[in-house]
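*Asks:* Turn these sequences into a full structure, and let the hints steer you where they fit.
Each chain, written out:
Number of protein chains: 2
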Amino acid sequence: MQTIVDALASIVGTAHVLTGADAAPYAVDWEERPQGEPIAVARPGTTAEVAAIMRLANETRTPVVPISGNTSLAGGTAAKGAILLSMARMNAIRDIHPSARTAVVEAGAILSSIHDAVAEHGLIFPLFFGARGSAMIGGALSTNAGGSNVVRYGNTRDLCLGIEAVLPTGEVVDLMRKLHKDNSGYDLRHLLIGAEGTLGVITAAVLKLHPAPLAHATAMLAVENVNDALGLLNQLQRRTGGAVQAFEYMPRAYIDAHLERFPDAREPFSESHAINILLEIATTRPDEAQPGNDGQTPIAAHLEAALGALFEDGKLIDAVVAQNETQRAEMWARREAAAEVCRLHDPIIVNDIAVPLDQMQTLLDQIAAIIAAHDPDALDITVGHLGDGNLHFSCWPSTEDTAVHDVIHSEVEQATIDLGGSFSAEHGIGTHKRDSMTKHKNPGALAAMRAIKTALDPNGILNPGKVLPDA
Amino acid sequence: MQTIVDALASIVGTAHVLTGADAAPYAVDWEERPQGEPIAVARPGTTAEVAAIMRLANETRTPVVPISGNTSLAGGTAAKGAILLSMARMNAIRDIHPSARTAVVEAGAILSSIHDAVAEHGLIFPLFFGARGSAMIGGALSTNAGGSNVVRYGNTRDLCLGIEAVLPTGEVVDLMRKLHKDNSGYDLRHLLIGAEGTLGVITAAVLKLHPAPLAHATAMLAVENVNDALGLLNQLQRRTGGAVQAFEYMPRAYIDAHLERFPDAREPFSESHAINILLEIATTRPDEAQPGNDGQTPIAAHLEAALGALFEDGKLIDAVVAQNETQRAEMWARREAAAEVCRLHDPIIVNDIAVPLDQMQTLLDQIAAIIAAHDPDALDITVGHLGDGNLHFSCWPSTEDTAVHDVIHSEVEQATIDLGGSFSAEHGIGTHKRDSMTKHKNPGALAAMRAIKTALDPNGILNPGKVLPDA
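If you read the sequences in order, they're chains A and B.
Residue numbers for the first sequence follow full-length UniProt numbering, so the first one is 1 and each next one is one higher.
Residue numbers for the second sequence follow full-length UniProt numbering, so the first one is 1 and each next one is one higher.
Since the hints were made in silico from the structure, they are not lab data.
Where hints are given, some of them may not hold.
Said to hold, decoys possible - Pairwise CB distance ranges (calculated):
#: 1; chain 1: A; residue 1: ALA92; chain 2: B; residue 2: GLY122; range: 17 to 23 Å
#: 2; chain 1: B; residue 1: GLU312; chain 2: A; residue 2: ALA92; range: 38 to 44 Å
#: 3; chain 1: A; residue 1: ARG266; chain 2: B; residue 2: THR46; range: 54 to 60 Å
#: 4; chain 1: A; residue 1: PRO25; chain 2: B; residue 2: ARG55; range: 39 to 45 Å
As the list claims (entries may be wrong) - Heads up, simulated DSS-like pairs for lysine-lysine below, C-alpha to C-alpha not over 30 Å straight-line:
#: 5; chain 1: B; residue 1: LYS439; chain 2: B; residue 2: LYS80
#: 6; chain 1: B; residue 1: LYS315; chain 2: A; residue 2: LYS208
#: 7; chain 1: A; residue 1: LYS208; chain 2: B; residue 2: LYS208
Bear in mind the structure is a predicted one, so any value in this text is a computation, not a measurement.
For each residue, glycine too, the CB sits at the ideal point set by N, CA and C.
*Replies:* See the structure below:
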């Protein structure tokens, strides 16, 4: 009898089926946690090959786990005993249409490659996060990745016009349309985006591009509390015509931890503040981007004027505007070091949570109370995308007692839910948050998700054990 | 045995079940086409009542057709022999959260009521189309309605953060979250939006609001061809920082027809042009909205400067900027009269189509060739949302021969598909376009839609005969 490995080789070629030591690197995730060993790693080169693999898997009831950049933070690609379907070879950037502002890409295209390719046309694909040098668009779509510019451009799903995917049965869904309006039946695109590869394998997409900003104005802001910050954000949005690209939260404890990790870094302000915000606005307007005689761009002058007015209102307690690209880079380096700063301490308690914008201060207050109640010496170094209501709760406990870690984690999650929030803002469910799905997801929604999963994947072979908890 | 009508009365109260003459007005659509008579019209007042009706219908295998403002253009609410579920009583605007820029509304809330309610807070819900005085948000969500501001704010689905719906089994899906990031399982919100009430009855939603513009600048533009228009649009987007709110297409034949219907109206330009575009930009920036000594706002001056530069490039052949609110209203009245102008002539051939932005000129050329081939004396008065690649093809044939009408309709549709377009841009499928689904929708996508429909509505009772063609 032909083995699965032989059958895979007959589809993609022997060179593109990895087993044993060759497959071993795929058995750990990005954070080097063991994920279990796959049967084999298959590296298809075409959508037809993906479809053939899915038909094989469906007929033989063999689990398939799609993987692109392997930068999941939620165990979304654990593949013990499964065919690991690597999209890495399908990495073409097929077409860029500058006047229509679209790009046609394959699932294995790396984000930074897409960024580079569209930059040549004065355009951006505005999906930016730390792992952009290895994350692939297929994974970003499958997890509906967020990042630092969601406040301006939306999540990954908002940047995708068309999609192609292979269903668990091997059927190809071709919705590769470059359209801004297409009301022709159920929106399968949005169903497949964010499904974490459990409903279909995304093989290609049409991306929506935006004009590249000609100039940025970047600042560090300090406020008394997050309600003031929301007021500031709304004022800045009005005063800049919606030009805010990033509005990122860093508490004092994070600034301290950053300085510990990077001793050559500088304090953001001459004084120390409890709440530090990285603000960036950007413009595509030539008249706002051309530096004046003083070397300052009109957009930077406009930002300084807006901040001056807000300062007089008393809501803003300190502000520093980057005077050049070096200072801008310094501000971003501080924020983007978060993953590295977090690794300074083990254990760490983390939650990727979101609440309505007007509930952020209440959530922060409740988090402080939870920590005070269970581990008052713990250090809360939570950073977040304040403009999206999204916190990456990160807490260094003072104790090794995992019962304490668990209670903090679960009370922070419950506080989030009680404020109308989500226990999974942008990292997805994977294997890590299935219990939270059981506890917190609306039962009617869970039942509908299960019905859809069964309808599209009757044999349960595609990325089993992810997203949906056992019934 | 209790009849369906009695059972409905026991759920919603006798006063809220209409039959016979009381139900008759519901048996015609907005364009006064007969839709078939329902068994009864039920007017629930709560989500629990909707759920009880769905359970009754599911147990008794009685079709249910949800209806809100009855402004469908696609026969989406034809209800012969069905319970017609009117959402009109569930019209509360429950909450507005100005700082978080969200509104919580029930499905029966009329669009213009939502507009008025949020205006008090300096905010807009930017979904604008002709029927806004009677269309309800439940229907707008169910059809993912478009309109005139999609180029800036997106379609209805882009303006919805959370949703509540009752599934065909009576189960309630509660996803009423006011979140900008929520990756917790499959995106049922986007699946229910645009499903035209065939997968669930939308009962409430969380809407995303935007700051109200403080000033508009509106102009009529004339160009040689639509490729030039696309270049203009891209230039204007860059030069205004993405402030374009509307970019609407009107050909010469439409201008003539408009003048025929409204003899007191004026020509848009002193000279006659083949391609006329209504452009509007808007600003929330106080510094751009304050009129100067000459009475002109900076945004209007900025637009005039931008148009001046484009004129010198030779892509723009004429332009008139509205000098006051009256002139702005006149420009909009010309465009918004389209539905009324179309009624001047019967028969009319219509297609609601979209193509990629860079294929618009080719599509217009092909449409001209199709008309020339089959009915050279026909008058093409197509208007459209050029910024979205969306044309409302409208043609007055010179012949009564329906075979000619059909061939023009079907060749325009085929040309659209061949250019990578959609046969249904923003009006939906309803009953009218099911044949086009069969002809043009990707078979893999159709199969997946059918599987999802069966999974969520195993007895096929919710809005049967809509969207999906018979297998």
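*Asks:* Which hints from the list above does the structure break, by number from lowest to highest?
*Replies:* Hints 1 and 4 contradicted; others consistent.
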